[in-house]
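*Asks:* Model the full assembly from the supplied sequences, consistent with the hints where possible.
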Amino acid sequence: MINISLLMIMVATALGLVWLRNLLAVVMFSGIFSLTAASLWVVLGAVDVAFTEASVGAGIATVLGLASLALTRTEHEKRTRVFHLPALIVVLVTGAALIYGTLDMPGWGDPDAPIHTHVAPRYIEDSLAETGVPNIVTSVLASYRGFDTLGETTVIFTAGVGVLVLLGRGRRYPVANPRVAAGGGPGRAPAAPGSEGAAVPGDSGEMRFKAILRVGGKLLIPPILLFAFYTQAHGELGPGGGFQAGVIFASAFILYALLFGVPMARAVAPASVLRGTLALGVLIYAGVGIAGVLLGGNYLDYSVLAHDPVHGQELGIILIELGVGITVASAMMTVFFVFAGQDPQQVD
Amino acid sequence: MDFPGLFNYWIVIALMMIGFYIVISQGNLVKKIFGLNIFQVSVFVFYISMGKVEGGTAPILAPGFATYTNPIPSVLILTAIVVGVATMAVGLALVVRIRDAFGSIEDDEIAKLEGDVT
Numbered sequence: 001m002i003n004i005s006l007l008m009i010m011v012a013t014a015l016g017l018v019w020l021r022n023l024l025a026v027v028m029f030s031g032i033f034s035l036t037a038a039s040l041w042v043v044l045g046a047v048d049v050a051f052t053e054a055s056v057g058a059g060i061a062t063v064l065g066l067a068s069l070a071l072t073r074t075e076h077e078k079r080t081r082v083f084h085l086p087a088l089i090v091v092l093v094t095g096a097a098l099i100y101g102t103l104d105m106p107g108w109g110d111p112d113a114p115i116h117t118h119v120a121p122r123y124i125e126d127s128l129a130e131t132g133v134p135n136i137v138t139s140v141l142a143s144y145r146g147f148d149t150l151g152e153t154t155v156i157f158t159a160g161v162g163v164l165v166l167l168g169r170g171r172r173y174p175v176a177n178p179r180v181a182a183g184g185g186p187g188r189a190p191a192a193p194g195s196e197g198a199a200v201p202g203d204s205g206e207m208r209f210k211a212i213l214r215v216g217g218k219l220l221i222p223p224i225l226l227f228a229f230y231t232q233a234h235g236e237l238g239p240g241g242g243f244q245a246g247v248i249f250a251s252a253f254i255l256y257a258l259l260f261g262v263p264m265a266r267a268v269a270p271a272s273v274l275r276g277t278l279a280l281g282v283l284i285y286a287g288v289g290i291a292g293v294l295l296g297g298n299y300l301d302y303s304v305l306a307h308d309p310v311h312g313q314e315l316g317i318i319l320i321e322l323g324v325g326i327t328v329a330s331a332m333m334t335v336f337f338v339f340a341g342q343d344p345q346q347v348d
Numbered sequence: 001m002d003f004p005g006l007f008n009y010w011i012v013i014a015l016m017m018i019g020f021y022i023v024i025s026q027g028n029l030v031k032k033i034f035g036l037n038i039f040q041v042s043v044f045v046f047y048i049s050m051g052k053v054e055g056g057t058a059p060i061l062a063p064g065f066a067t068y069t070n071p072i073p074s075v076l077i078l079t080a081i082v083v084g085v086a087t088m089a090v091g092l093a094l095v096v097r098i099r100d101a102f103g104s105i106e107d108d109e110i111a112k113l114e115g116d117v118t
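Chains H and B, in that order, are what the protein sequence lines are. This note's numbering puts the first sequence at residues 1 to 348. This note's numbering puts the second sequence at residues 1 to 118.
Keep in mind the hints are simulated off the structure, nothing from the lab. Any given hint could turn out to be false.
[Said to hold, decoys possible] If the Cβ cut is set under 10 Å, some of the chain B residues that face chain H in the computed set are:
(1) 52
(2) 61
(3) 64
(4) 74
(5) 75
(6) 85
(7) 86
(8) 111
Computed from a predicted model, the values in this text were never measured in an experiment. Backbone N, C-alpha and C define an ideal beta-carbon position, used for all residues, glycine too.
*Replies:* Here it is, written out as C-alpha cells:
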C-alpha cells in the first residue's frame, strides 16, 4: 500500500501546484513531487530510474527553476485564475476518455500482460550470457537499444547547445581574474543580488561568509565526486550508469559554485573545456559504433571489439557509458553555469 | 480484479490532467513549464507501473531470484528523465529571453505587447 500512499502524495502535491501563486513555492513543490516519484520508482522495482529521478528531478530541475525565477525577477504570479471553466471542461472530457481507454488494460502487476511476454523474457534470460552484464537495464540501454540511447545522448548535447545559444552570449558574468579575486577576500564584487530576495544560485555573496555551510560543503564535495565515479564504474553490476553518474558529477560542481561563486567554479571547469567535453561524449559514443563497423560488424555492434564477443560487449558498454557520462555531466554543468552566470541586474 | 487493479493508471490520468490543466489555464510561463513537468512525470508513472510484475525484484540478475521487474520501461524512462530536464532547461532559457524582450512572463501581457508591435 506504500504505492498508493505515494501516488496520493503526488496527486496532492500536483493539486497544490495549481493553487499556489508564489512561484518559489511552485518550484519547491515540484521538487517534492519529483522526490516522491523517486520513492515510487523504488517501490515499483525500477531502481535505476529512482536514482536518476532523485538526482535530476529533485536536484538539478529545482536549481534551474530557482535560477530562472531569479533571472525573470518574478516571485508571484500576476493573478490566480484557479477556476477556469473552458479549461476544466477540456480536461474533464479528456480525462474521462482516457479512463475509458484504461478499462480493458491488464491489471497492475499481472505477469501475463503483453508487455511482459514479448521481448522482455529474452532480455531477462539471455542478456547475462550475451553481454556479461548482470544489470539488465544497463545491457538493454547500452547494447540492445544502443541506437536509442545514442539519439537521447544527442538530444542532451543539443539541449546544452540550445541553452548556450539562447543565453550564452551577451550578459556574461565578469570573470576578470577569479583566483586573485577569491584569494583577496572581499575583492570579488558580485553583482548585487536582486532585491526581491529570490535565491540567486550564482551569487554567493552571502553564502561565502557562512563558515558552517562552507566547511560542510567542502567536506561533501569529494565524497560526491567519488560516488559519481563509483556510479559510473558500477553501472554494469548495480543501479547506476552514465546518466546518473554524469548528473551526480555535475552536482558536485554546482554545490561548489553555490558555496564559492560561479567564477571560482568556472576556473575549475572553464567554459571552453566544457564545450569540448559536451561534444566529446557524443563522439566517443558514435566512435565506438564506427569502430565496430571498421572491425567488420554492424554499427554499435560491440561483439567484434574484442576476440571474445562477450568481452567485446562489456568493453563497448563501458565505453559508451563513459561517453554518456561525459556528455551528461558537461551538459548539466554548462546549463547551470549559463543560468547562474547571468547577471540579473542587467536583465532590464 | 483485486484492488490495485487499474488504480495506478487512473492516478496517472489524474496527474496528467492536472498538468494539462496548468498548461492551458495558467498564464505564467514558469508555471506552465512546471505543469508540463507534471504531465511528463505522469507518463513516467504509467510506464513504470506497466513494467511492475507481482513479486518481481529489481532487474539486476542475481542467483536466488527468478522474477524480475520488466527492464524495458526502466530503460526508456531513465533516459527520458535526463532528456526531460535538458529540454526543461531550454524552455526556461526561452522564458528568460522572453522576459528580456517583453519585460513580462505572463502570456496575456505578452500577447498585448505583441499586438502593439504588429
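*Asks:* Hint by hint, say whether it matches the structure.
*Replies:* Verification of the supplied hints:
1. 52: 5 Å, holds
2. 61: 4 Å, holds
3. 64: This hint is violated: residue 64 (chain B) lies away from chain H, its Cβ roughly 13 Å from the closest one there, beyond 10 Å.
4. 74: 4 Å, holds
5. 75: 5 Å, holds
6. 85: Since chain H brings a Cβ to about 5 Å from residue 85 (chain B), closer than 10 Å, the hint holds.
7. 86: Residue 86 (chain B) check passes; min Cβ-Cβ to chain H is 3 Å, inside 10 Å.
8. 111: For residue 111 (chain B), the interface hint is violated, since the closest Cβ of chain H sits about 13 Å away, which is over 10 Å.
Hints 3, 8 from the earlier list are contradicted by this structure; the remaining hints agree with it.
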